[in-house]
Amino acid sequence: MRRYVARRALASLAIIYIVISVSFFIVRLMPGNPVSALESQLSSQGMTTQQIDQQVNAIYALTPRAPLWEQYINYIWSALRGNLGRSITDPSETVVHIIANALPWTIFVVGTALVISFVVGVAIGAVMAALQHTKLVKVATFVVSMLSAVPNYLVAIVLLYLLADLHPIFPTGAAYSVNVTVGFSWAFIASVVVHAVLPIASYVVTSFAGWALAMKGTAVSVLGAEYVRAAESRGVGARRVTQTYVGRNSMLPQVTSLALSAGFMFGGSVLIETYFSYPGIGDQLGQAVNSRDYAVMMGCFLLITVAVVVANFLVDLLYPLVDPRIARPGGANAVADARAEARALPAGGSAA
Amino acid sequence: MIKVDNLTVSFGPVRAVESVSLDVQAGDIYAIVGESGCGKSTLAYALLGIVPPPGRVTAGEVRWKGKSLSHMSKSELKHMRGAEVAMVFQAAMNAFSPVITIGAHLDHALEAHPDVFPRRRDGQEYFRHLLELVRLDPERTWRAYESQLSGGMKQRVAIALALALKPSVVVLDEPTTALDVLNQRLVIDILADLHSSLGVTVIFVTHDLALVAELAGKVAVMYAGRLVEAGTVDEVFDERGRRHPYVSALTAAIPSVVGAASAVRPVPGEVPNLAQLPPGCRFSPRCAFAEDICWVEEPDLVPDRSGHLVACHVANRLVGVVSEK
Amino acid sequence: MRDRLYGLKMFCKDLWRLSKHDKGALAGGCVVVVYCLVAVIGPYVARVGGVANPADAYLPPSLSHPLGTGPLGQDVLAELVVGTRPIMEVGVLAAVMTVSVGVVVGLVSGYLGGFADSVLMRATDVALTVPGLALVIVIAGVVRTSSPVVLAAILSVTGWAGLARAVRSQALSLRSTEFVEAAKQQALPLRNIVGRQLLPNVGPYVAIHFLLDVTGAIYAEVALFLLGVAPMSGTNWGTMIYLAMGQGALFTTKSMLYLFSPMAAIVVLQVALVFFTRVLDAVFNPRLRAQ
Chain A
9 MRRYVARRAL ASLAIIYIVI SVSFFIVRLM PGNPVSALES QLSSQGMTTQ
59 QIDQQVNAIY ALTPRAPLWE QYINYIWSAL RGNLGRSITD PSETVVHIIA
109 NALPWTIFVV GTALVISFVV GVAIGAVMAA LQHTKLVKVA TFVVSMLSAV
159 PNYLVAIVLL YLLADLHPIF PTGAAYSVNV TVGFSWAFIA SVVVHAVLPI
209 ASYVVTSFAG WALAMKGTAV SVLGAEYVRA AESRGVGARR VTQTYVGRNS
259 MLPQVTSLAL SAGFMFGGSV LIETYFSYPG IGDQLGQAVN SRDYAVMMGC
309 FLLITVAVVV ANFLVDLLYP LVDPRIARPG GANAVADARA EARALPAGGS
359 AA
Chain B
4 MIKVDNLTVS FGPVRAVESV SLDVQAGDIY AIVGESGCGK STLAYALLGI
54 VPPPGRVTAG EVRWKGKSLS HMSKSELKHM RGAEVAMVFQ AAMNAFSPVI
104 TIGAHLDHAL EAHPDVFPRR RDGQEYFRHL LELVRLDPER TWRAYESQLS
154 GGMKQRVAIA LALALKPSVV VLDEPTTALD VLNQRLVIDI LADLHSSLGV
204 TVIFVTHDLA LVAELAGKVA VMYAGRLVEA GTVDEVFDER GRRHPYVSAL
254 TAAIPSVVGA ASAVRPVPGE VPNLAQLPPG CRFSPRCAFA EDICWVEEPD
304 LVPDRSGHLV ACHVANRLVG VVSEK
Chain C
8 MRDRLYGLKM FCKDLWRLSK HDKGALAGGC VVVVYCLVAV IGPYVARVGG
58 VANPADAYLP PSLSHPLGTG PLGQDVLAEL VVGTRPIMEV GVLAAVMTVS
108 VGVVVGLVSG YLGGFADSVL MRATDVALTV PGLALVIVIA GVVRTSSPVV
158 LAAILSVTGW AGLARAVRSQ ALSLRSTEFV EAAKQQALPL RNIVGRQLLP
208 NVGPYVAIHF LLDVTGAIYA EVALFLLGVA PMSGTNWGTM IYLAMGQGAL
258 FTTKSMLYLF SPMAAIVVLQ VALVFFTRVL DAVFNPRLRA Q
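Protein chains in written order, with my numbering: chain A, 9 to 360; chain B, 4 to 328; chain C, 8 to 298.
Isolated chain A, as found in the complex (with noise of 0.2 Å):
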């Protein structure tokens, strides 16, 4: 066990530091990246090298005159040591700070979301396996993958329009009212739940969806399993049947398939929160994209790439619990294929 924990952690710091190398490949060595733009932008304006050379550091942590390969080490070790650069827009902000503010938003919204698909998904998908072949599970199979394959900020918009404009039963906006003070008071608790409403239903709409089409899938080809009917034969209670031997099976897929959800949403995050003027960070990376401020874009897909990276982590550790044989030495080779198989093929509409 402690040698699968060590891998899947040193598999997670890995791409840690692989992202950190692509953020510097786009920052820095892509056609028309940002810095060499920055530099000739100042330049332009007339700076010396030296000034240009503070601006570009400051910015980006990152030392445009030096040797390649010096570049590559010092941002690396710059944004280890959590110096992401500054806004461009605001250059008295540094990324960090920046991110700080609205990651804990975001990783609110998104992980309620994501809980609530799950919980939500995973029981209708069981309930439709164990009513197949009756008339409501086609009807509702039927509207289920149509579901599906709605994107997400469509729903948002449309959410928008019903519940917070035409109807005004949710704000159209924010994270919490702006009467209210911030604290631990009944009165900002309510607040942020009542803003946080649309934005999760944005994405639990048709990410629940996703999960009942894929556990129904799953459980329908493990009731009809033979280990299921063995234990029949052998006079095993209904309750216990289900429980252990169906239940345990169909939930080793959906499990797997946990953490390529939360990358997907958080993706998402960035026209949902957009839409919700919701202070996440996904809303970040949208103003920052369109602002061009490079430097806080970087640092927000570095944090969602390490927030993902930390949400797969947590789920390998959770997958044990269900599945004992990855734990094992040998198990987990054919128990890592069952999982890039869970992930090749997401049910509808989420391949990206």
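It is worth saying that the hints were derived from the structure and are not from the lab.
If you're wondering where the values come from, they're calculated on a predicted model, not measured in any experiment.
Beta carbons are placed, not taken as given, at the ideal position from N, Cα and C, and that holds for glycine.
Keep in mind that the hints are not guaranteed to be accurate.
So the derived label-pair ranges between C-beta atoms look like this [what the hints assert, rightly or not]:
#  : chain 1 : residue 1 : chain 2 : residue 2 : range
1  : B       : Ser-251   : C       : Pro-207   : 41 to 49 Å
2  : B       : Asn-276   : C       : Gly-210   : 28 to 36 Å
3  : A       : Pro-112   : C       : Phe-258   : 24 to 32 Å
4  : B       : Ser-309   : C       : Gly-210   : 58 to 66 Å
5  : A       : Gly-232   : B       : Glu-64    : 22 to 30 Å
6  : B       : Asn-276   : A       : Ala-14    : 55 to 63 Å
7  : A       : Ala-138   : C       : Gly-120   : 37 to 45 Å
8  : C       : Arg-129   : B       : Glu-217   : 51 to 59 Å
9  : C       : Ala-123   : A       : Val-127   : 39 to 47 Å
10 : B       : Glu-217   : C       : Pro-207   : 40 to 48 Å
11 : C       : Arg-129   : A       : Ile-177   : 44 to 52 Å
12 : C       : Pro-207   : A       : Thr-142   : 31 to 39 Å
13 : A       : Ala-14    : B       : Asp-125   : 38 to 46 Å
14 : B       : Arg-143   : A       : Met-9     : 14 to 22 Å
Derived DSS-like pairs (lysine-lysine); straight-line CA-CA distance at most 27 Å [said to hold, decoys possible]:
#  : chain 1 : residue 1 : chain 2 : residue 2
15 : C       : Lys-20    : A       : Lys-146
16 : B       : Lys-6     : B       : Lys-70
17 : A       : Lys-143   : C       : Lys-30
Following the hints, put chains B and C in place on chain A, whose structure we already have.
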């Protein structure tokens, strides 16, 4: 102990098992023989009442110690399965949940039948003893997951698990089919051992005639869903006695170790499509002895004095046994 | 060659037979075909551009403007029709790229093994973990392109990984079978092994993945348009919504049609594609047919 009375099991319009009657006595080693698709597995499932949907019993019944399965309550059925009649599935490859240990499977069975072993530990002890009887390491097997076991090992674990609740009858579906020769020998020995030492009644389904000859006392031969011959092993394998042509052909098809290779004679033709059965005797298209009546009328099972049943117009006429008609 | 045609014929027959059972899937297939037709002939039939006439903004539906007009007086239906091609072009192109890269990586990795395999598998792991849409947004934000090809390439930056894994496991399992050993002994070209053994096994998977990739690409590209990151000149559904939102279309009921028509167009296409994959799944996977 188990009596099958005119049982018909249908999957929609197709009758996988049709009007089959059997009588299994305590202490028998009873073989049900036939080719793939002849309905023998379905018959085996029906003995425990676990025919998978969309299959259903549409006629006749199975009686356990005189009581019909269809009249049993859910809890009676639950008690019967495992503690009185147990099943070992074909190629126990997938008979175990991949995410729990072998020991856990036993625990669930014990949990479902608290009357057999009031103290869980006794049940576990007994199971370990059984594991030894099937030549497996009790401790390692108990803790193992199914992916850590080979096919042969899984088959033997399945046998041990089936016996763990001390049933009086064990039904095995193709116990040796998926195994290599060594494991086959092992399983055969184990079954013979268990029969003599534990006194269980053994019913097994197979298409391997050699297995039948070696292990079984009584045989029932099925073809295309129907019973075509039933009796003791000696009666059925007696070349000079009254036999169904299918059985003759089957035994002739077994290549002899000493004979010439050219002497191998497989049974010509194919098993009929159960959805499109020929009228008359189902075996007639492949039968070397088919006469006009065979194409028109289905033969009945006709007993002789010792209870040996054969369903064939030609065979019964040749030996002078007249059908009840 | 002949048995490939035969295979294709059988496939079409199966497809037709199963479609008749699954009405949703049949409808899905038809809708997709309709969209393709609109994409191809649309620009020749409908006209957009011309003089903007703000006086005609947000007119209600009429015979000359079946879906009303937009904020600059343009015909909504015309824009919808013309806007089909750019979206579908990029979507299909991105899916083609994704599938190609995925299959090639999977084959190379699975068949060659060794160092190439390890490196490629690392890359695949990263591509699977990194949040795809975020990366796409970032790259598109830096590389402001208006070329559909470049856009498609950006969209497929992480999508290939899942397919690569699946193809790889197929290649791995086949590598050690007797077919390949025998083929190698007969010095059959790699083409033969790949074509005869590998592809038919992965074929169904690839086909379904392709369609799902199209949905994913459309999801991502519309997101880019909505952010204003991919300023492709011309009309398409994404820019329509972007303009509508920017003009505060959410707050007036007059603009409802202008805002919701492209949204509906997108949703209908996505749903149709997903439904269509279900019947494909049933054709390729006989076990599902029983349902």
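Hints, one by one, checked against the model:
1. At about 43 Å, the beta-carbon gap between Ser-251/B and Pro-207/C stays in the expected band of 41 to 49 Å.
2. For Asn-276/B and Gly-210/C, the hinted distance range of 28 to 36 Å is satisfied, since their beta carbons lie about 30 Å from each other.
3. Checked against the hint of 24 to 32 Å, the pair Pro-112/A and Phe-258/C passes, with Cβ atoms roughly 30 Å apart.
4. Between Ser-309/B and Gly-210/C the CB atoms are about 60 Å apart, so this pair conforms to the stated range of 58 to 66 Å.
5. At about 26 Å, the beta-carbon gap between Gly-232/A and Glu-64/B stays in the expected band of 22 to 30 Å.
6. The hint said 55 to 63 Å for the Cβ distance between Asn-276/B and Ala-14/A, and at roughly 58 Å that hint holds.
7. Range check, Ala-138/A to Gly-120/C: about 43 Å between beta-carbon atoms, so the 37 to 45 Å window is met.
8. The hinted range of 51 to 59 Å is satisfied by Arg-129/C and Glu-217/B, whose Cβ atoms lie roughly 56 Å apart.
9. Under the hint 39 to 47 Å, the C-beta atoms of Ala-123/C and Val-127/A, about 42 Å apart, fit the expected range.
10. Against the hinted window of 40 to 48 Å, the Cβ-Cβ separation of Glu-217/B and Pro-207/C comes to about 43 Å, which satisfies the hint.
11. Separated by about 49 Å at the C-beta atoms, Arg-129/C and Ile-177/A satisfy the suggested range of 44 to 52 Å.
12. One distance hint, 31 to 39 Å for the beta-carbon pair Pro-207/C and Thr-142/A, holds here, with the actual separation near 36 Å.
13. The hinted window of 38 to 46 Å between Ala-14/A and Asp-125/B holds, with their beta carbons roughly 42 Å apart.
14. Checked against the hint of 14 to 22 Å, the pair Arg-143/B and Met-9/A passes, with Cβ atoms roughly 19 Å apart.
15. Our distance criterion of 27 Å between C-alpha atoms is met by Lys-20/C and Lys-146/A, whose separation comes to about 25 Å.
16. Note on Lys-6/B and Lys-70/B: the hinted pairing holds, with a Cα-Cα distance of about 9 Å set against a maximum of 27 Å.
17. As the CA atoms of Lys-143/A and Lys-30/C are separated by approximately 14 Å, the hinted pair is consistent with the 27 Å bound.
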